[in-house]
Amino acid sequence: MPLAEAKGLLETVSRSQSIPATHPRLVCHQPADDMQALRELAVRCQRFSPVVGIEEPDSLLFDLTGCAHLFGGERMLSRQVQRSFGRRGFFIRTAIADTMGAAWAVAHFGRHQTEIVSASQHESVLRLLPVGALRLAGTVIETLAALDVRRIEQLLALPRASLPSRFGPEVILRLDQALGDVSELITPIRPPEPVVAGREFEHPTGDHRTLEVALQQLVEQIVSSLVQRQQGVQRLDVGLKIAGEKRENFGLQISNCGVSAKSDSRKSAIRDPQSTICPRFTINFLRPCQSLSHVMELVLTQLERVVLTEKVAGLQVQAVATALLESRQTQLFAADDDPAAQRELEQLADRMSNRLGKQRVVRSQLRPDPQPEFANRWEPLLGENERGNGGSVSLPVLPCSARPLCLQKEPQAVEVTSLAPAGPPSRFHWKQTLYAVARYWGPERIETGWYRGRHVRRDYYQVETECGLRFWLFWRIGRADWFLHGEFD
Amino acid sequence: MSGPTNHSSAIQQLTQQLRRYERTLQPTADGNRVLSTGIAALDGLLPDGGISRGMLLEWLSEKTGGGAGTLAFTVAAQLMRADGACVVIDPTASFYPPAIGKLGDHLQRIIVVHPANGGDALWALEQSLRCRGVAVVVCRLGQAFERQLHNHAYRRLQLAAETGGAIGLLLRPARYRVHPTWADVRLLVEPLPTANSSTGRQLQVELIHCRGRNCGGIVKLEIDDETGDVRLASELAAATNPARRAAGA
Chain R
1 MPLAEAKGLL ETVSRSQSIP ATHPRLVCHQ PADDMQALRE LAVRCQRFSP
51 VVGIEEPDSL LFDLTGCAHL FGGERMLSRQ VQRSFGRRGF FIRTAIADTM
101 GAAWAVAHFG RHQTEIVSAS QHESVLRLLP VGALRLAGTV IETLAALDVR
151 RIEQLLALPR ASLPSRFGPE VILRLDQALG DVSELITPIR PPEPVVAGRE
201 FEHPTGDHRT LEVALQQLVE QIVSSLVQRQ QGVQRLDVGL KIAGEKRENF
251 GLQISNCGVS AKSDSRKSAI RDPQSTICPR FTINFLRPCQ SLSHVMELVL
301 TQLERVVLTE KVAGLQVQAV ATALLESRQT QLFAADDDPA AQRELEQLAD
351 RMSNRLGKQR VVRSQLRPDP QPEFANRWEP LLGENERGNG GSVSLPVLPC
401 SARPLCLQKE PQAVEVTSLA PAGPPSRFHW KQTLYAVARY WGPERIETGW
451 YRGRHVRRDY YQVETECGLR FWLFWRIGRA DWFLHGEFD
Chain W
1 MSGPTNHSSA IQQLTQQLRR YERTLQPTAD GNRVLSTGIA ALDGLLPDGG
51 ISRGMLLEWL SEKTGGGAGT LAFTVAAQLM RADGACVVID PTASFYPPAI
101 GKLGDHLQRI IVVHPANGGD ALWALEQSLR CRGVAVVVCR LGQAFERQLH
151 NHAYRRLQLA AETGGAIGLL LRPARYRVHP TWADVRLLVE PLPTANSSTG
201 RQLQVELIHC RGRNCGGIVK LEIDDETGDV RLASELAAAT NPARRAAGA
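Residue numbers (our numbering), protein chains in the order written: chain R, 1 to 489; chain W, 1 to 249.
Derived from the structure by calculation, the hints contain no laboratory data.
Incorrect hints may have been included.
[As the list claims (entries may be wrong)] Some, not all, of what chain R presents toward chain W, calculated at C-beta under 10 Å:
hint, residue
1, Leu128
2, Gly132
3, Arg135
4, Leu226
5, Leu356
6, Thr433
7, Val456
8, Asp459
9, Glu466
10, Cys467
11, Glu487
[As the list claims (entries may be wrong)] Just so you have them, the derived chain R footprint on chain W, three or more residues with Cβ under 8 Å:
hint, segment
12, 37 to 51
13, 186 to 193
For glycine and all other residues, C-beta sits at the position ideal for the given N, C-alpha and C.
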């Protein structure tokens, strides 16, 4: 039974960055997230083999019995797997061998990135590998190392009968599994069954009240099936089938990019450009949700924004993304004593993000960038980082001088009079008013941005007008023009 | 026989009773205790010596750049210290968090909403005020927003705040001082030219409207440029300034 084994390593450092503004993002290691990602990869790899399992923490196991010839042989199959993972940014090692244990051993400890072990070489290849290739516990490997048993051939040379009493029963089992004396089965990872509920109307209707009642029933079905699985919905798609169109026009959108595009623009959320006859909308949740009332509230909020030009012949609701309810343990904001208030806050975030668009409900991430425009980054509250919320490590922010409370989206050109060339401003025009500068602080020179392709050289002044208003002006060095960048409100 | 003491105590009792009738706040879990703004001088200006849950406060200023926003965020930071989150509704998308970077961890508890139009802004404001997990809502009422904020809408905001218990800090242009309001307190913030001896910017805060209490109090505050602390502006410091004394002589 030929087996393929692939060891995947997520590319952690994409490229060396020597510039301060593009620090690599530091994220705490989340073993549960890694496992989830591995399971998702296993599901995607079912195009290569019907039975794909995982071996913790980082391996995928394919049962290639009767599969290799479909890809032109084992070598071609191995290349295709390499290419497929390479396109997604993974560096992997693959090995094909007669047993799962041997494939794992060669993938982790073999000399080449891709290896195929034929049946005749099976034992000879294994004998030369270190004992760590047998998937043994760390303590057993240490004990063997203390006895200078470092390679599998040394282990095989020891009396077999004495091994269990000296090193535990695991050693014999792993040896037999690697050599094929004991069979080992792959537990396949199956994609979760989609949680879908649909309904066709006998007579098409345009009545919102009827749609609401029908949607309520469908959402109830979805929630009850999620309750059985002890899961909560994270993303829900609702599709409306227009009368006279084919059933395919439900066309629920599942891809991540599609969902984010829909959330950004409310118009496209209601009417997708590719199927203008089929209104549908997506609802995102900050936390996995099982609450029928909360889900219905968000569904109705979206439904009331749908403009129906034709009658609806059917409805379909699908929980596109679900997660176990354990994720509820993480809170939007830590250290809050009242769980009811916390829940309300999360529901508020859901409501606002779904109605206004998730790019409009955000949280600030301060960046250690000297250029004011890049010192703050808005991160959607209901974003891709929701799973690792609280896990990202914030980078130290450079201490900076006073910054204005209101920053213009773009620096606004202003007419400034200075007493000395390149000196501090004495008068300036802003919003049809002439302000005389009574005091100023500065200049604070900011020279940066060369690595972004646009060199920024500015002298910033904090000025106070005669009436006490404070503004943030800068002079562009070398260009001799002035801009107003913010107001110290 | 009723002496002047009895008269004054009776008036005090009646005033308190009247205030109770005027405020229809639902009792909250913490008994609707009065929260300090963190600025003693401002507490003295406000009714009951601070801010109660479910109150709406308007901060009026002639122009942006006058310091009303800084003052409002200083108060918001203090109110967040107790518990809950802060929601900033900013239709103009001009709010710049590095200005309040010194709040540190509190910055992570601020949700910023950038509504596309006045209707959405009003909806987000009402929803936030109604939420029990929100301690304070800061909203800069832009031009588009003001058109939506008619009498009924404002009343809805007040009821939402009373239901949820969030405190609303609304930044508005001073030209709205003649318009009727449902806010509990209306403060006019005017910048003062910085004195030579001063270490920070000076503001004058006037209580121009207060439900159930006489208004008209004025305080002068100083925001320290270095630390951001707000304190009562010292009048004596200016008098000892040698330059000014020489000019006055």
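Now the hints, each set against the structure:
1. Leu128: 54 Å, violated
2. Gly132: This hint is violated: glycine 132 of chain R lies away from chain W, its Cβ roughly 43 Å from the closest one there, beyond 10 Å.
3. Arg135: 42 Å, violated
4. Leu226: Hint violated; leucine 226 of chain R Cβ to chain W Cβ min 24 Å, cut 10 Å.
5. Leu356: Because about 6 Å separates leucine 356 of chain R from the closest Cβ in chain W, which is inside the 10 Å limit, the hint holds.
6. Thr433: The hint holds - threonine 433 of chain R has a Cβ within 10 Å of chain W, the shortest such distance being about 8 Å.
7. Val456: 16 Å, violated
8. Asp459: Violated, about 19 Å.
9. Glu466: 6 Å, holds
10. Cys467: It holds, given that the least Cβ distance between cysteine 467 of chain R and chain W is near 7 Å, below 10 Å.
11. Glu487: 4 Å, holds
12. 37 to 51: Our answer is that it is violated, as 0 residues pass the Cβ test (under 8 Å) against chain R, missing three.
13. 186 to 193: holds (count 4)
Hint compliance for this structure: hints 1, 2, 3, 4, 7, 8, 12 are not met, and every other hint is.
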